[in-house]
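S.K.: Each chain, letter by letter, is given below.
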Amino acid sequence: MGDAGAGRRRQRPLAEESAVFPATVQQLDAVHAALGRFWEAVDRAVPAAFGRHDRVARAAFLTAVGEIGANIVHHAYPRGAPGTVRLRLRLYPDRVELRFSDRGRPFADAKPRRDREPLVQDADVFALAEGGRGLALAGLALDELRYHRTPGGQNRWRLVKRLA
Amino acid sequence: MQLTVDPRPGGVAVVRLVGRLDLPVAPAVKDRLAQTVASGNPRLVVDLGEVSFVDSSGLGALIGGLKAARLHGGDLRIARPADQARLILGLTTLDRVLQVHGTVEEAVAGYG
Numbered sequence: 000m001g002d003a004g005a006g007r008r009r010q011r012p013l014a015e016e017s018a019v020f021p022a023t024v025q026q027l028d029a030v031h032a033a034l035g036r037f038w039e040a041v042d043r044a045v046p047a048a049f050g051r052h053d054r055v056a057r058a059a060f061l062t063a064v065g066e067i068g069a070n071i072v073h074h075a076y077p078r079g080a081p082g083t084v085r086l087r088l089r090l091y092p093d094r095v096e097l098r099f100s101d102r103g104r105p106f107a108d109a110k111p112r113r114d115r116e117p118l119v120q121d122a123d124v125f126a127l128a129e130g131g132r133g134l135a136l137a138g139l140a141l142d143e144l145r146y147h148r149t150p151g152g153q154n155r156w157r158l159v160k161r162l163a
Numbered sequence: 000m001q002l003t004v005d006p007r008p009g010g011v012a013v014v015r016l017v018g019r020l021d022l023p024v025a026p027a028v029k030d031r032l033a034q035t036v037a038s039g040n041p042r043l044v045v046d047l048g049e050v051s052f053v054d055s056s057g058l059g060a061l062i063g064g065l066k067a068a069r070l071h072g073g074d075l076r077i078a079r080p081a082d083q084a085r086l087i088l089g090l091t092t093l094d095r096v097l098q099v100h101g102t103v104e105e106a107v108a109g110y111g
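Chains as they are written, first to last, in numbering that gives the first Met the number 0: chain A, 0 to 163; chain B, 0 to 111.
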């Protein structure tokens with residue numbers, strides 16, 4: 000991905016975890032399982048990696064990972080189209096990072112327009128949207144969220160949460 | 000995801016969820032909330048004490064339940080949200096719309 004500087008590439012992860020899973024809604028279990036294994040590896044490498052806000056930061060990262068994972072299986076591969084998603088989780092001295100990659104539809108085509116609306120825009124309960132908040136939510140929960148479509152036809156997502 | 004409905008007096012129902020409240024289960028949860036309201040229990044208490052993860056689809060199900068409840072003169076209140084549920088309710092500012100309680104009994108008592 001173009002956003003990863005040369006300095007970052009030289010960094011060695013302190014802990015890592017990866018998974019490849021079929022792009023179906025039911026297989027979102029694999030995302031949660033991989034994140035669970037990753038936190039165990041993080042705890043061995045750097046206990047309470049996020050400092051005194053560790054629980055909140057992990058909850059925020061989980062929130063974003065779940066939203067982007069759901070977005071991929073829902074939009075990149077609609078209606079059960081075959082495909083796989085790869086995820087790689089890494090702990091660096093200054094951050095945790097997750098990269099998703101898949102060969103589904105480009106995200107720009109799949110993005111629902113209501114994702115661009117504010118999260119809760121109205122005190123009127125009946126005006127509240129019942130969907131389409133996912134991407135905005137992931138952005139709020141993270142320090143960095145990037146999407147990139149490669150010339151080779153891959154979707155790549157990079158999710159970053161900085162350590163305290 | 001497991002869902003159990005515990006009807007209480009006064010049109011109150013405690014809906015206990017266990018597992019993840021996310022994209023795969025959100026439509027079914029929304030339907031159950033609407034059914035609970037339609038069967039005469041518009042005062043919902045959704046117990047999130049055993050829910051490890053809520054995503055935006057799950058929130059959508061809760062909002063759907065809230066709308067159904069309000070249409071029937073009731074409400075949807077949240078009890079015992081764990082760290083991640085509390086966080087997502089705050090990030091979306093839905094905690095301004097949905098009353099959040101520390102215990103199920105407190106939420107039930109709130110209906111008076």
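A portion of the hints provided could be inaccurate.
[What the hints assert, rightly or not] Among the chain A residues that face chain B by a calculated CB cut under 10 Å, a handful are:
(1) P21
(2) V24
(3) H31
(4) A44
(5) V45
(6) R51
(7) V55
(8) A69
In short, the hints are calculated from the structure, not lab data. Note that the structure is a prediction, hence the values are computed from the model and not measured. Note that the Cβ used here is the ideal one computed from N, Cα and C, for glycine as well.
S.K.: Tell me, which hint numbers fail for this structure?
M.R.: Violated: hints 1, 4, 5, 6.
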